[in-house]
Amino acid sequence: MCLSIPSKVVKISDDKTMCTVDTMGVQRDANLMMMEDDDIVIGDYVLLHIGFVMNKIDDDEALASIDTYKEILELMDEEDRKKAILEDDECEARGEQYTEEIKN
Amino acid sequence: MAELELKNLYDNFRDGNTIKAYAKIIAEDAQKLKKPINIMEVCGGHTHTIMKFGLPQLLPDNVNFIHGPGCPVCIMPKERIDHAYVLSMQPNVILVTLGDMIKVPGSNGSLQDARAKGADVRFVYSPMECIKIAQENEDKKVIFFAIGFETTTPMTAVLIDQVIKQEIKNIFFHINHVTVPEVMVELIDSRDVHVDSYNNQIDAFLGPSHVSVISGSKIYDKFPKEYGRPVVVTGFEPVDAMQGISMIVKQFAEERCEMEVQYKRVVNYDGNLKAQALIEKYFEKMSLFRWRGLGNVPDSGLKLREAYDAYDAEVIYKDVLPIAEIEDHKLCICGDILRGMGSPRSVPSLELRVSLLHL
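Chains A and B supply the protein sequences, listed in that same order.
The working numbering puts the first sequence at residues 1 to 104.
The working numbering puts the second sequence at residues 1 to 359.
The following block holds chain B by itself, in its conformation from the complex (with noise of 0.2 Å):
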C-alpha cells in the first residue's frame, strides 16, 4: 500500500471529481427511494461544508438537508451570555473565552461591547492560555467562560486538572458544554408536552466528526435502534459529506436502518477513553440546560461536580447573576426549523432572517 502524505489528507477529501462522482452514485441510489427524504447534518461544521461546496446543487430533488443545531455558540441562551457579560464587569476579574463567543448578543450587549466599556475579556485560540494570563495577572481572578459541544469539554477539563494539580489559585470556571445526544433526541420525541416533534420531518442523521472521535461513535446506537433513524458518522471535507450522504441514501434505498461510520480514519466505537474519563471526572449532567431557539432539553449541559466548587464561578457569582430565563424572540421559528417543519424563509421578520444567517 503506498505511503499516507499530509498532502492527501487534504487534496483526496476535496477532490472535485470524487464528489462529483459521488453525486452520481447519490442520484442513482435516490431513483430506489419511496419517498423523499430529509437528512439532518447535527454538526455546524457540516452545514458550513454543505454551503460552502454547494453540495445540496448535486444531489437529486428527493435527497434534502435539515440543518442542524450544531453550533455551541448560536444555541447559547441569553441568560448565559448575560453571566458573561456581568462576570466581566465584577472588580478584578480577567474574563477568558473562545473567540467565536465574541459577537453573541445578550441583554446588556456582547462580549465585545463589555470590553468596549472598559472589562477585561480576553479571547483565546486554546483555553490552556488561561494559565499564562493567571501567572501574569496574580492580583487578578481569572474565569474561563467554558463553550462547546463533547468536542471541546475535555480540554476544558484537562485545564482544570492543571490548574489543580498545579495549585493555581486564581483560575475559575463558568461551565456551558453541551452534549449533542440528547439534543438529537429532543429534535425527534421531545419530552416537553408543549413541544409538537411528532411531525418532524428528520429521517436520517450525518452523525457529528469531532464529537464523535472524543465520545466514539457507541453514542448514536439508539438510533436506528429506538428511534428508526440511519445515523452515519461522516467527516468534516466535501468528499466525506458526499460519501456519508451516499451511505444515508443506500441505507434507504436497501431498507436498512443503521449506525455507520464514513470517518473510519478518525473516529472509532469507544472513542477517546482518556478524554471520556477527564470529563467524567470534573462534570456530571444537568437537569437540563435551555437551548436558544429550542427551549429546555434534559441532560443536554453539563456542570462542575460539587466537589469542585471551589473553582465554579457560577457558586463563587451566584449573588450577582442573573438567574431568570429569558425567553426567546416570540417570531423565533428555531424550534420548527429544525425540526424540518418550518423553512428559514418562512420566519415573518427580516431581521430575524438575517440573524440567522448570521448564526
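Here chain A stands alone, though its shape is the one from the complex (with noise of 0.2 Å):
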C-alpha cells in the first residue's frame, strides 16, 4: 500500500488543485491538495500515492545519491564487478529462496 511511484508533472490545472504527470510513458491525474500552491511546478518529479502527490524529490538530493552509487561502484575490483553482474540476473532466485526458508 505504502508503496509510491516517481513521475514527472507535464500539466497543473489553473486552480491548481490537480496535476496531470508521466509515470515511465503512462499519463495519469494527480491531486495536488497535500500541496502548498507553488510548491510544484511543470517538470518536477513526485511521489504519487493513491491518487495523490505527496511529496517532491529534490533533484540534487538524487542526483548526489547517484554520485554516491558511481562513487562506491568504482571502488569495487574488477573480480567483483563481475561477480555483480552474474547474479544481478540472480536477484529474483535469491528473493524466492528466501521465502522458501522461511516457509520451512
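These are computed hints drawn from the structure, not numbers from a lab.
Watch out, some of these pointers could steer you wrong.
Claimed, not checked - Sample of chain A residues at the chain B side, in silico, Cβ under 8 Å:
no. : residue
1   : K8
2   : Y45
3   : I50
As the list claims (entries may be wrong) - Here are the computed lysine-lysine pairs in the DSBU-like style, where the Cα-Cα straight-line distance is at most 30 Å:
no. : chain 1 : residue 1 : chain 2 : residue 2
4   : B       : K52       : B       : K264
5   : A       : K56       : B       : K264
6   : A       : K8        : B       : K132
7   : B       : K274      : A       : K16
8   : A       : K16       : B       : K169
9   : A       : K16       : B       : K132
10  : B       : K117      : B       : K103
For every residue, glycine included, the Cβ atom is placed at its ideal position computed from N, Cα and C.
Combine the two chains into a complex, taking the hints into account.
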C-alpha cells in the first residue's frame, strides 16, 4: 500500500488542485491538495500515492545519491564487478529462495 | 551536475552492481561488530523489497532482520473488519475502501464475502473516488472505511475537507488510521504489564519511507536518545535498503547511536506540513488501538474529532456495531515474532504459518 511511484509533472490545472504526471510513459491525473500552491511546477519529479502528489523529489539529493553510487562502484575491483553482474540476474531467484527458507 | 531524468529514479536505485557493492561494504563493517545485530524494517514496503530482492542472502551472518508490523491491513483486528462487514450490510449503504482490504477475514467473512452476499462494497485506488460515487448515488450513504499509516491519513483528511467544503451530504467515515512511532515504542518498551518486551531483540530500526515523507524524520528523534536504538529512514528501492542497512551497521561499528536519513531525496526533518495540518484539523488520538498480534497499543490510533461526529460512521451506526474485543488465535505468537523473541518457523500450526506468510 505504501509504495509510491516517482513521476514527472507535465501539466497543472489553473486552480492548482490537480496535475497530470508522466510515469515512465503512462500519463495520469494526480491530486495536488496536499501541496502548497507554489510547491510544484511543471517539470518537477514527484512521489505519487493513492492518486495524490505526496511530495517533491529533490533533484540535487537524488543526483548526489547517484554520484555516491558511482564512486562506490569505482571502488569495486574488476572481479567483484563481474560477479555482481552475474548475480544481478539471480536476484529474483534469491528472493524466492529466501521465501522458501521462511516457509520451511 | 548532470540533469536528473525520470529513469534515473528507477534504474540507479535498482542497480545490481550497486547492491553488491553495498553488500561488500556491509560485510567489511560487520567484522567490527561486537555482537550480532537485528534490524527491524518497520514498514511492509521494506519487507517487500527485502523479500523480492533476497537481500538477507547478501548480508553477513551477524546482520539479521526482524520483519516489522508495518502493514495497516494485516494489523487490523477482527472487530474492525467486522465493523466494515456490518456497515456494508446496512440498507442503502455503499461501503468504499482501498483494494488492500478485499480478502482480510473478520468473524463473518471478508468484504469480498459481504459483496458475494449482495452488499455494495467498492474498492478504489484513491479515496477521492468516493465523491463521484456519492454524486452518482444521491439516495445512498457512502461510507469510506479508511485505513493506513501516516502515509495515507492526509488523503482521508483531504476527502473530509472536500466533503465539508462541497457540502456533500452522503459521505461518512469509519476511521482506522494508525501511527508508526507508538507501535515502535510498544515493541521495545511495552507499557502493558502482561507483555514482556524486556528481552526484545531489536537493535535498530530501518525507518519507513513514506510515513516519513509526511511526518518528517523528527518523529524518530527519541529512539536513539531515549531507547538507545539507531533509526535510519530509508527509501523503498533495493539500493536504498542496502545503503540504509550499511548506515546502521556503520553506526554500530563506530559505536554511534543516531537518527539518520538515507532517503534524503524526499524526506526532510519537518515533513509535509500541509498534510500534518490537515491531519491535526480533523483527527485526534484514540487512547488505545488494538493491533492484530500485539494487542492494545496506547495512542497508536486516530479518530475523527468530536466536531465532525455528523460524518463519523462509528457514531451514526453505534447501535449496530459490535464493541467486544476479539482475542487473537491462542496459538498466535505474532507479538513475540515482532519483538524478535520468536520466529515464524516456530509457529505451531501450519495453517497459521501459511496465513502469516500471506499477511
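Check your understanding: What hints, given by number in increasing order, does this structure fail?
Key -> none
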